[in-house]
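Novice: Sequence:
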Amino acid sequence: MNPDLASLSHQLIHAAEGKARFMVAIAGPPGAGKSYRSELLCDAINRHLPGQAAVVPMDGYHFDNAVLESDQLPLKGAPNTFDVDGLHHDLTRIRQTDKPVAVPVFDRPLDLARAGGRLITPAHRIVIVEGNYLLLDQEPWRALHKLFDWTLFIDVDDAVLVERLVNRWLCMGQDHIGALERAHQKDMLNAELVKSGSVPPDQRWR
Numbered sequence: 001m002n003p004d005l006a007s008l009s010h011q012l013i014h015a016a017e018g019k020a021r022f023m024v025a026i027a028g029p030p031g032a033g034k035s036y037r038s039e040l041l042c043d044a045i046n047r048h049l050p051g052q053a054a055v056v057p058m059d060g061y062h063f064d065n066a067v068l069e070s071d072q073l074p075l076k077g078a079p080n081t082f083d084v085d086g087l088h089h090d091l092t093r094i095r096q097t098d099k100p101v102a103v104p105v106f107d108r109p110l111d112l113a114r115a116g117g118r119l120i121t122p123a124h125r126i127v128i129v130e131g132n133y134l135l136l137d138q139e140p141w142r143a144l145h146k147l148f149d150w151t152l153f154i155d156v157d158d159a160v161l162v163e164r165l166v167n168r169w170l171c172m173g174q175d176h177i178g179a180l181e182r183a184h185q186k187d188m189l190n191a192e193l194v195k196s197g198s199v200p201p202d203q204r205w206r
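The numbering used here puts the first residue of the sequence shown at 1, with every later residue one more than the last.
Keep in mind that the hints were calculated from the coordinates and are not lab data. One should not assume that every hint holds.
[Unchecked claim] Distance condition first, Cα-Cα at most 27 Å in a straight line; then the derived DSS-like pairs of lysine-lysine:
#1 K99 to K146
#2 K76 to K19
#3 K19 to K99
#4 K76 to K186
#5 K99 to K186
#6 K19 to K146
[What the hints assert, rightly or not] FRET-style restraints, in silico, Cβ to Cβ:
#7 R108 to D175: 13 to 21 Å
#8 Q138 to I177: 26 to 34 Å
#9 D98 to P50: 28 to 36 Å
#10 R47 to I177: 23 to 31 Å
#11 T92 to D64: 38 to 46 Å
#12 Q11 to L180: 21 to 29 Å
#13 A159 to T92: 32 to 40 Å
As the structure is a prediction and not an experimental result, all values here were calculated from the model. C-beta atoms are modelled at their ideal positions from N, C-alpha and C, and glycine is treated no differently.
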């Protein structure tokens with residue numbers, strides 16, 4: 001059954017009852033709407049439990065463009081272009097609930113991560129982590145799985161993904177040919193990996 005936002009927020013609130021920290025992973029391909037829906041879900045939870053939900057974006061752990069260029073890793077957004085160990089370290093600290101943890105956030109218009117862009121405090125009982133590869137069934141991503149109490153995968157048809165991704169690149173200043181090339185030769189390659197290589201989630205959201 002495909003959940004709506006209200007029922008999903010109530011489901012997570014119920015599942016988190018009595019827990020000091022409840023960690024949710026929301027995964028899916030590029031362009032699936034993970035960031036948008038994670039923030040909506042966070043807001044819906046906070047309407048019932050003010051100040052108790054927060055979002056940690058995986059994209060904040062992107063390697064900087066200078067690092068990618070020096071290491072000859074041009075396909076930004078591929079699994080090997082993220083600081084997975086750093087993400088694992090921060091999520092482990094967040095699970096401990098003993099002190100605030102600063103996490104980076106990704107500034108898409110600037111195409112860079114901002115260190116310490118968000119603070120996860122002990123008051124945030126429900127932490128939503130969103131990103132492409134959170135459920136990827138390969139190392140080092142596989143080590144993240146045990147940190148999540150509940151997982152969700154957002155399914156979107158490829159044709160819809162391409163349309164969204166082309167529009168994203170156009171909005172970032174690419175011409176139409178460049179936007180098509182980046183969508184097909186970059187994003188959709190990563191999308192296929194996410195769709196075919198992720199472990200089954202607790203629930204799917206189409």
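Novice: Hints first: check each against the structure and report whether it holds.
Specialist: Now for the hints, and whether the structure bears them out:
Straight-line distance between C-alpha atoms of K99 and K146 comes to about 21 Å, which keeps the hinted pair within the 27 Å bound. Of the pairs offered as hints, the one joining K76 and K19 is violated, with about 37 Å between alpha carbons and a cut-off of 27 Å exceeded. Using a Cα cut-off of 27 Å, the hinted pair K19 and K99 holds, with the two alpha carbons roughly 16 Å apart. Between K76 and K186 the alpha-carbon distance is near 8 Å, which keeps this suggested pair within the 27 Å criterion.
Restraint check: the Cα-Cα separation between K99 and K186 comes to about 38 Å, which exceeds 27 Å; the hinted pair is violated. Our distance criterion of 27 Å between C-alpha atoms is met by K19 and K146, whose separation comes to about 16 Å. About 18 Å separates the C-beta atoms of R108 and D175, a value consistent with the hinted range of 13 to 21 Å. For the pair Q138 and I177, the supplied restraint of 26 to 34 Å holds, since their beta-carbon distance comes to about 33 Å.
Restraint check, D98 to P50: a C-beta distance of roughly 22 Å breaks the suggested window 28 to 36 Å. Distance hint check for R47 and I177: the Cβ-Cβ separation is about 44 Å, which falls outside the suggested range of 23 to 31 Å. For T92 and D64, the Cβ-Cβ distance of about 23 Å falls outside the hinted range of 38 to 46 Å, so the restraint is violated. Between Q11 and L180 the beta carbon distance is about 39 Å. The supplied range of 21 to 29 Å is therefore violated.
In this structure the hint that A159 and T92 lie 32 to 40 Å apart at CB holds, the actual value being about 38 Å.
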